[in-house]
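Engineer: Residue strings, one per chain:
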Amino acid sequence: MRAIFKTAIIAAAVSTTLTAAAQHKSKTKSGSKAAKSSALISAATLANGQKVYGQSCITCHMVTGLGVPNMNPPLAGSPFVTGDKTKLIKIVLNGLSEDVEVNGQTYSNNMPSQDYLKDQDIADVLTYVRNNFGNKATAVTASEVKALRGKK
Amino acid sequence: MLSAAVVAGLLSFKCIDHKNGPAEENGQTAQKTEATVESAGLKLPAGFQATIIADNIGRARHIAVTPQGDIYVKLGRAKDGKGIVVLHEGADGKATVKSGFGNFGGTGIYIKNGYLYASSDENVYRYKLNDKNEVINPDQPELIVEGLINRRQHESKSIVLDNDGNLYVNVGAYSNSCQEKDRQRGSLGRKGCPILDSAGGIWQFKADKQKQHYGDGVRYATGLRNVVGLDWNQQLNQLFVMQHGRDQLHDIFPDLYTVKQSAELPAECMYALKKGDNAGWPYMYYDQIQHKKIMAPEYGGDGKKEAEGNFIDPAAAYPGHMAPNGLLFYTGNQFPEKYKNGAFIAFHGSWNRAPEPQAGYFVVFQPFKNGKPSGEWEVFADNFSGSQANTASGAATHRPCGLAQGPDGSIYVTDDSKGTVFKISYKK
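So the protein sequences, as listed, match chains H and B. Using my numbering, the first residue of the first sequence is number 1, and each one after it goes up by one. Using my numbering, the first residue of the second sequence is number 153, and each one after it goes up by one.
Since the hints were derived computationally from the structure, they do not count as laboratory data. The beta-carbon is built from N, C-alpha and C at its ideal position, and this holds for glycine as well. Please note that the accuracy of each hint is not assured.
In the DSS-like style, the derived pairs of lysine-lysine whose C-alpha atoms are separated by at most 25 Å in a straight line are [to be verified]:
| id | chain 1 | residue 1 | chain 2 | residue 2 |
| --- | --- | --- | --- | --- |
| 1 | B | Lys361 | B | Lys426 |
| 2 | H | Lys87 | H | Lys118 |
| 3 | H | Lys118 | B | Lys333 |
| 4 | B | Lys333 | H | Lys87 |
| 5 | B | Lys457 | H | Lys146 |
| 6 | B | Lys363 | B | Lys444 |
| 7 | B | Lys444 | B | Lys457 |
| 8 | B | Lys412 | H | Lys51 |
| 9 | B | Lys570 | H | Lys151 |
| 10 | H | Lys85 | H | Lys146 |
| 11 | H | Lys51 | H | Lys85 |
| 12 | B | Lys412 | B | Lys457 |
| 13 | H | Lys151 | H | Lys87 |
| 14 | B | Lys333 | H | Lys90 |
| 15 | H | Lys152 | B | Lys333 |
| 16 | H | Lys146 | H | Lys87 |
Label pairs and their computed distance ranges (CB to CB) [as the list claims (entries may be wrong)]:
| id | chain 1 | residue 1 | chain 2 | residue 2 | range |
| --- | --- | --- | --- | --- | --- |
| 17 | B | Arg304 | H | Gly83 | 22 to 30 Å |
| 18 | B | Pro406 | H | Gly104 | 32 to 40 Å |
| 19 | B | Gly523 | H | Asn103 | 44 to 52 Å |
| 20 | H | Lys152 | B | Asp560 | 56 to 64 Å |
| 21 | H | Gly83 | B | Pro219 | 48 to 56 Å |
| 22 | B | Asp207 | H | Gly104 | 52 to 60 Å |
| 23 | H | Ser42 | B | Asp349 | 47 to 55 Å |
| 24 | B | Gly221 | H | Lys152 | 50 to 58 Å |
| 25 | H | Met71 | B | Ala192 | 24 to 32 Å |
| 26 | H | Asn103 | B | Gln386 | 30 to 38 Å |
| 27 | B | Lys579 | H | Asn103 | 40 to 48 Å |
| 28 | H | Tyr116 | B | Asp207 | 30 to 38 Å |
| 29 | B | Gly523 | H | Lys152 | 31 to 39 Å |
Just chain H, same shape as in the assembly (with noise of 0.2 Å):
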């Protein structure tokens, strides 16, 4: 029973992204530049921000970083993710106590604070959130994350 629920979760995750992908593709012909940034991102960076999204992030942004319904926002498709990368970093440094608008959706559940993981361990979830579930954006570095550390 399990493992069939399993193979399931990944068989939904793996065609979510691969339809993302495919969007994206017709999106972005001419999108050389981000392509070429995106590239230069090292498979160690997104193996350990997948590591620390299933150690402390995927209990409410689930495997499918589509979130749940009215109370955790979802990953994939949302401009807070791929948008710009101080807010994103602020997010997971303080936390977030308010209602959020994604694609014309309210979403209401606290995210707390994540400001014990590693600027290291917070830059490389964040670029492999940008860089997964469809989405596509540029890396974020381990000074970028420094930077912000106790800045409201």
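Go by the hints and put chain B onto chain H.
Structural biologist: Using the frame of chain H, we list chain B on its own:
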């Protein structure tokens, strides 16, 4: 290239952070003994039949059905300025929208003594009904209770009435476990949890007095983190509630709880309440595998220490995180005898089990005997999610929320995801 890497990443995802746990399932003792049939996308015991009587009506939360067959559905968010939808079933088994009113979102709705009661996330209103149980003046409800706390978490105010002129309102705790910092890793519990003064319990108010505040009511029972499903048991003349147990044992205390334990614990509990009862949140949770009240880690617990305090035991316990949003004691004559006076529970479905597969998205039947849960619970109506894969990933098509019994003994199930109303009947 990148996509391939990402896919590979996802494929390997299930391998990480699984350091623990026996392979067997978690005290999930539900048994499916009967043959099942498929009907309107649901899986039901043989002899039952489901129909979708309405679809896309909005975020359908709780539901009340009149003896004349009108159906009042409370919407989580008002749609086109209407937070209560009135449906009427035609001969073809489809319901049409008869009217709508009440410009407020919310969850609770209940009919008693010639009034329709409905709640927003802060207030309770009532509407006078005529002799056909139709709302006489939809634009002028009486404000019965106002100013209940709403801090965005566990904000829904479920309601039920007794036979002695009292209204019961759940006020959920605006917190997971009363930590100094909500859901923060390692943050400890606030001493003498102050949230319990105004939330985390059931409040009792007069059913017919206007503009009541906290001070006019009684904290009937405390130590209940969040109740969404509740019902008045007419046989026992007693309030029964379903508590949503706390989240994130592993995320907050990774040294004390494994990922798997965190997915399974704590139980979602059914409580039979008496005035003055304390169910123990946030100081304890109920462990359905050890069958014990366990001290919460925020308050010195380690997963094994038993709770200290005068806390009531649950009447029944179910696996963690499945979110019981609807409770209905069945008093009809249509269903086979075993269902009479037993409880139906709508489990909205989990999220807090990741990375373990999600669970729930079904209606459970809990047999009762002599006013007490008796025998194992069973899945009554399954597959609201649409498929096993949807259940596992949490991407459910329908999420069961409210339950009501119709005049002919059929039951109704609402779905606040797609806005569907199911009717389930027994055909001999």
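Engineer: Against which earlier hints does the structure fall short, listed by number upward?
Structural biologist: Violated hints (numbers, rising): 5, 6, 9, 22, 26, 28, 29; every other hint is consistent with the structure.
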